[in-house]
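Chains as they are written, first to last, in our numbering: chain G, 33 to 575; chain S, 33 to 575.
Think of the hints as simulated: they come from the structure by calculation, not from any bench. Every residue, glycine too, gets a C-beta built ideally from N, C-alpha and C. Be a bit skeptical, because a hint or two may be false.
Rough simulated footprint, nothing fancy, chain G against chain S, three-plus residues with beta-carbon under 8 Å [stated by the list, open to error]: (1) 266 to 279; (2) 502 to 516; (3) 524 to 535.
Covered by chain S, per the in silico footprint, the following chain G stretches (three or more residues, Cβ under 8 Å) [what the hints assert, rightly or not]: (4) 214 to 222; (5) 257 to 264.
Quick partial rundown of chain S residues pointing at chain G, CB under 7 Å, derived from the structure [unchecked claim]: (6) Gly109; (7) Arg113; (8) Ser215; (9) Asn298; (10) Gly300; (11) Lys349; (12) Gly490; (13) Leu549.
Spelled out from the first residue to the last, the chains are:
There are 2 protein chains.
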Amino acid sequence: MAPLRLPVSLGYLRQYLSLTNNGCLHRTVASYSRVHAKHPITYQPSSAQTRRFCLQSRSLQKEELELTSVRYNVQRGNFARISNEDVAMFEKLLPGRVIADPEELVGYNTDWLRMCRGNSRLLLRPKTTEEVSEIMKYCSSRNLAVMPQGGNTGLVGGSVPVFDEIIISTSLMNKIISVDEISGTLVCQAGCVLEALSTHLSDVGLMMPLDLGAKGSCQIGGNVSTNAGGLRLMRYGSLHGSVLGLEVVQADGTILDCLSTLRKDNTGYDLKQLFIGSEGTLGIVTAVSILCPRKPQSTNLAILGVSNFQNCLRALKEAKGMLGEILSAFEFMDSACMDLAKSNLNLTNPISDKPFYVLIETAGSNGTHDEEKLNLFLEKVLGEGIVEDGTVATDSTKIQSIWSIRERLAEALLHDGYVYKYDISLPLANFYDLVVDMRERVDDLATRVVGYGHLGDGNLHLNVTSPTYDHELLDKIEPFIYEWTSRYNGSISAEHGLGFKKRDFIHFSKTQKAVELMQQIKDLMDPKGILNPYKMLPDKYGD
Amino acid sequence: MAPLRLPVSLGYLRQYLSLTNNGCLHRTVASYSRVHAKHPITYQPSSAQTRRFCLQSRSLQKEELELTSVRYNVQRGNFARISNEDVAMFEKLLPGRVIADPEELVGYNTDWLRMCRGNSRLLLRPKTTEEVSEIMKYCSSRNLAVMPQGGNTGLVGGSVPVFDEIIISTSLMNKIISVDEISGTLVCQAGCVLEALSTHLSDVGLMMPLDLGAKGSCQIGGNVSTNAGGLRLMRYGSLHGSVLGLEVVQADGTILDCLSTLRKDNTGYDLKQLFIGSEGTLGIVTAVSILCPRKPQSTNLAILGVSNFQNCLRALKEAKGMLGEILSAFEFMDSACMDLAKSNLNLTNPISDKPFYVLIETAGSNGTHDEEKLNLFLEKVLGEGIVEDGTVATDSTKIQSIWSIRERLAEALLHDGYVYKYDISLPLANFYDLVVDMRERVDDLATRVVGYGHLGDGNLHLNVTSPTYDHELLDKIEPFIYEWTSRYNGSISAEHGLGFKKRDFIHFSKTQKAVELMQQIKDLMDPKGILNPYKMLPDKYGD
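With the rest of the complex left out, here is chain G (with noise of 0.2 Å):
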């Protein structure tokens, strides 16, 4: 497939797509492009971000998406209505940058996965700090609902209103404030894209501790306050050890000054702590310092077959042991991906075919050593049986080639149709067991039942597809998979949180006392609720 060429803005791309309401992702982009573009960029099909266009695509096949206040019967907060003179309040504000064209809002009130949409209608976009202050006094005054958004790539339904709540977007807010070299410490404005950021480190030899496939449009206040997990966590670990410091908006306007630039300070509570991962329910993250590791010499990439998952298991306690303190990635998926892949994307299996194959990547100052290791890494586990057929790569392009096999999984299971997609974390020992009994259970149901993920991080992706949509399969999957994770202490939500979409199935990975003392933070920090309501808490409002 030859690559697409995209705008640059992913965004109007999104607000196109919601305008048109093409039928095809495909054909709306070449429109798009020949009539609109006009600084267009390669883009490869194979990233994480044409997988979401693909799914987009599918859902542009319905007609209008509904509203979601309406599919999911929600009731509306008893929070006021913006009125004129409130416009006018904002409009003195932040002079030119107060959006209430609802053709314009299309987009902002719109998902990703177009699973949700809200009403809202009015956007404000505040540069400062100071901006975003005076907005939350007067939202608090008047008892408005506020909608805080970074690049809107969440899954959850967790980065659009539901009704018509303000949405206070942080694109504006993109200012790099200061990079230490020697440190590796990075401060910034929340609206800074994560590639831009990227970009910046690399010249100093730096990157981000963290790597996702929408890095293109996610903003590091929102992967902040989602609490991102993505590529990089096997090695540089959760943002909750390497976000040094925050800079948040709270419900009342309320700057609190947490933003240190030191990797050790034990003088109070770490309330930062407490905005990681809120999904925008205590504040509004505004700036964030945050340890940027120097950027590795060499990678390396090796894809292997194994026989069984306990051998994915055994390999992956061989290489923690003798890759160690260079593997920076361990992946797995099982035959039935492969199978997709050949089938759906025409993709060739570099190495014979095995139940299943795991992806190794290491990341190394010593390209030498590196390859070293992994060549010793992989006599033992070969010559020990562990793995029984394997490459690797060193150069980009046929790293690149291995590694599409896995990102394309998700884009290729789309072609089966409808796809049931779960994100789930699981002790190792019980791992694969859900897609065994997932496979059981759902039978002939289902096209196929596939699993693959970070292993390394105990991060299972369980995919089950069918032609159409179909209530009696999901019935047969849902609530049964919350129950067997729960079961196992797993978590109902390994990295894209709970949002909006996940918020009433809480109870299955949390406690009653533990959802309890949430929501009595909540309520501390944020009395009249108007900060992102129906998200992450299950409902407690009405009219």
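With chain G held as given, fit chain S onto it using these hints.
This is chain S only, laid out in the frame that chain G set:
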């Protein structure tokens, strides 16, 4: 100096020291060993623990330690006083595990450094979370204040009572619940001693992600509650990243089960973060789940002489780039430290005298590779004149001998007489300026001003000495040092916490708004203020 022989339980020794009130530690230890020790162990006097004993021995030269409440004129909170009925109730709940003998309580009432002494009449030794819960339910209903205590190795008076708070010791909660070799997850009760955990993990090729001088006594629950830093932070990050889950008993006895073993779980607010570093003021940690890295296969240590501080920073930058993933420690000390080690401990400088020294440790999975990387790094920094002299140790005896220069500095300082100790985090650009400014400021009043610490973490240990305690000198140092640190957005407590001693200085490192939010969270989670009162937050209680 020949190794001392100490009894196995340091807790008993502390008690004994408090009771005997002897002049010199070495005599005390020797006499204790002869008379009481049933299971003596060999103990190296160069370790941080011995340094602490030396520190303690100095205090013992004075008469019995003044009560904290008297020395600092603290007002007792409006808590109930323990009645006979209370004691009877606890005896029923914890048969044989209630200590009310004043002599037995001395060690638990006195902190490690003998700076603080409380007056608790009751020590409870629960074995299970349910017992801790029952204790807290009762104390909450009776408005009795409590003081959760682990190994009592804290340095800021946070781990001993101020008045008659009931001490809840976690020492008997020392069960290892599970170890998952593949995922590297350890789950254990809060009272497990750090060193015991390290030993246990070593058998399966894992290690704890933190290492402290106090590891032979400190408990993992206390480590988590104080967000302990230590020697491995540079490599493995803070406990906010490596702690995967906690079980906590709240002020009212509620058991909060957040004991997840998952690396990824984005289902609601990450409540466990609140308890990491809150020094037992929000809840009592009863169990911990923690991510453990693989134990390294090889370790190297280099000591290098550097002509100025800027070159120490350049060496740090090169080490991060060229040693990258194997860099496990980057310590620094100035020439005043080397003079001190030579004059007060008769240690030898293994290289030629220089204005600054850096110690660089590597730990990796392949000894040959590590040595090669270190050699390439040394060639570069010596070749470019960043470093002027150096030597590398690869065998454990030489490694220990070089480490001992750095590790025994605190002990060496005590030989000067009185030591004014500070533990500061600063941005690297301003790191050493504080030492220079302090030296100029105190001038002839001080015997010496030395600077050393974890340069890789931005953590400076600044020490000033004088023959005896000198109030005029103290007035020169404080609040100057806190104001200086605050001006450069540093932290007045990098890793020791605020405890009792530093709580009134919190405003030098945190904004008023941040402290207000901390107090609101405290009020929400412990409305009666019974959990470790008079600690961390500035006082608000009165009769």
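Now the hints, each set against the structure:
no.: 1; hint: 266 to 279; verdict: holds (count 6)
no.: 2; hint: 502 to 516; verdict: violated (count 0)
no.: 3; hint: 524 to 535; verdict: holds (count 8)
no.: 4; hint: 214 to 222; verdict: holds (count 3)
no.: 5; hint: 257 to 264; verdict: holds (count 3)
no.: 6; hint: Gly109; verdict: violated (19 Å)
no.: 7; hint: Arg113; verdict: violated (29 Å)
no.: 8; hint: Ser215; verdict: holds (5 Å)
no.: 9; hint: Asn298; verdict: holds (5 Å)
no.: 10; hint: Gly300; verdict: holds (5 Å)
no.: 11; hint: Lys349; verdict: holds (5 Å)
no.: 12; hint: Gly490; verdict: holds (6 Å)
no.: 13; hint: Leu549; verdict: holds (6 Å)
Violated hints, in rising order: 2, 6, 7; the structure is consistent with all others.
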